[in-house]
Amino acid sequence: MKFIFDAVIKAVKELYGTDIDLAIINIQETRKEFVGQVTLVTFPLIKFSKKSPEQTGNEIGEYFANNLTEIAGFNVVKGFLNLSLTDSFWTNKLFNEILDPKFAQFKLNGKKVMVEYSSPNTNKPLHLGHIRNNLLGFSVAEILAAAGYEVVKTNLVNDRGIHICKSMLAWQKFGNGETPNSSGLKGDHLVGKYYVLFDKEYKKQIEALIAAGNSEEESKKNAPLIIEAQEMLLKWEAGDPDVISLWKTMNSWVYEGFTETYKTLGVNFDKFYFESGTYLLGKDIIEEGLQKGVFFKKEDSSVWIDLTDEGLDQKLLLRSDGTSVYMTQDLGTAQLKYNDFHMDKSIYVVGNEQDYHFKVLFTILKKLGKEGAAGLFHLSYGMVDLPSGKMKSREGTVVDADDLMNEMQQTARVHTENLGKINDFADEEKMELYHTIGLGALKYFLLKVDPKKRLLFDPNESVDFQGHTGPFIQYTHARIRSVLNRVDVVPTEYVYNEKLDSEERDLIVALSNYPEVIQTAAEGYSPAIIANYVYDLAKIYNKFYHEKSILQAESDEIKQFRIKLTIASGKVVKHAMNLLGIEVPERM
RNA sequence: GCACUUGUAGCUCAAUUGGAUAGAGCACCUGACUACGGAUCAGGAGGUUAGGGGUUCGACUCCCUUCAAGUGCACCA
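The number in the working numbering is simply the position in the first sequence, starting from 1, with 1278 added.
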């Protein structure tokens, strides 16, 4: 559509004798209640034409009609100049651009971006909130790759700390040597069970202490279990062989479990970082900041940064005893990641409860003049809540990731069996299909919403399979495949002189928007933009499909043309769904 | 208390980043195959965009304010 922008500049120059900036040209898709496909908003131009919006529109429209071969006609409604492009413009678009194998394939832009996501704790299994995180991270990475970035997907695993020791201690005390093998429990679930058990026993001790006359605060601090857990953490930090060995064993169980969950979810990583390997980093940056005068030291020798000029607070960076805090290690880890990859952009997919932390982190890195600091971005997403409120692992009010994915596949099975369209499938094919549809429904449900908005999930109301859903789009694809499977000769003719029907033209217009949609989604780090686009596209295709016969078209020429439209639609639907991490089936 | 985010149809979400009469899905009502797949399509009903003020040719969008919800404000991570 760039030629229209150029034409507007030229038109204004010739009609009104002014050079105008590209930025003030407002071009949009014509709303469907008006005639045309492309609309120029003329309000911003009247200061150059010195005429009414209507008159300006008419003059520019007249100019276009006389000077642009692509323009078939125009109409003006108030300050809107609606342009109709010729049918041959649109058919050329389909033949030369959309059907080209390179359509929507952006060239590498020479920039590297890191997407850090998932970042689980190794003391409990993944839940619905993690699913949102994983899907967002994976999809954003795919979208950025499609837009021409070189992408590195990383996972910073939180594998140490007091919470890990809690699971370990509970297992040691109450586990009787239970293992994933002996119990048949998935490793992460087994470890999670002991994390919950710790909390239960710990609470009992607190209650007993309170009953014995202690204050609540004292009881929480002095309960034997918590003291033992803290001792265990110290031993871990000191490298105690027994503790380290137990830690390694239990973490390996968790990793086995996570690997399985990631596989079912369809996400992957190029590089893992472990907090056990990064938690001591960052002290050299503290030193650097002090030397540069960006940080300051208090009398007790704790180190701070004053960010009150930025509208933030003073922030502690190093304790008075010289040990690090969360921010210290995140500074160090940011540096480590940069040293490893020298990326231009770095995306952190982390929930919005950490908005302040990342604001501070990025500000500090900028103040230190760190390379890559300008490319830092916190992809902050809203929490997933249940109707009953927040999910709490310790209280067992979580929607478990594995359970949920299982249920989705079961639901897909019920739907599919009721329709009875794939009774000839082998069992293995059926299972694969239930997985495709069940996860498609779940992923679409979570990704179609703007990341920053919080998400309400009602486990009692199953995720829909009809309407604005993943399966609707998957169904559209299966139907397209079904039509194309009946075509024996792939059309090779690339001229078309028939008049376009509105359903055909609408479809080409929608398809031609796809590259720009990828670009917008990449710039906004928003899979939701892709999700909403591909739904619209599927709807437009379904309408076309209903109104127009493809295989029984009025003439062979029209039939060939509609087959090509169908091929193009199937291609874009599949590509867009894959950017969301969703597979599309051949049949369903 | 201070800061950040959110508030759109009964419910779940859109709205091309300031453009036309705010659009979809679910649920509800009505219709459409002896036609390429009915997990579909067409239509109906459903709105003071939380309330109020402002900015301008034009505001769901920007500014101020009130209200509601969520999150954050540890020498925790």
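Calculated directly from the structure, the hints in this document are not laboratory data. Heads up, the beta-carbon is just placed ideally off N, CA and C, and yes, glycines get one too. Heads up, some of the hints might be wrong.
[To be verified] Using C-beta positions, here's what the derived DEER-type ranges look like:
1. PHE1703 with LEU1558: 49 to 59 Å
2. ILE1287 with LEU1386: 46 to 56 Å
3. SER1493 with PHE1574: 36 to 46 Å
4. GLU1835 with LEU1300: 33 to 43 Å
5. ILE1302 with PHE1703: 29 to 39 Å
6. GLU1332 with ASP1548: 36 to 46 Å
7. ALA1652 with ASP1681: 53 to 63 Å
| Which of the listed hints are not met by the structure? | When the structure is compared with the hints, numbers 2, 5, 6, 7 turn out to be violated.
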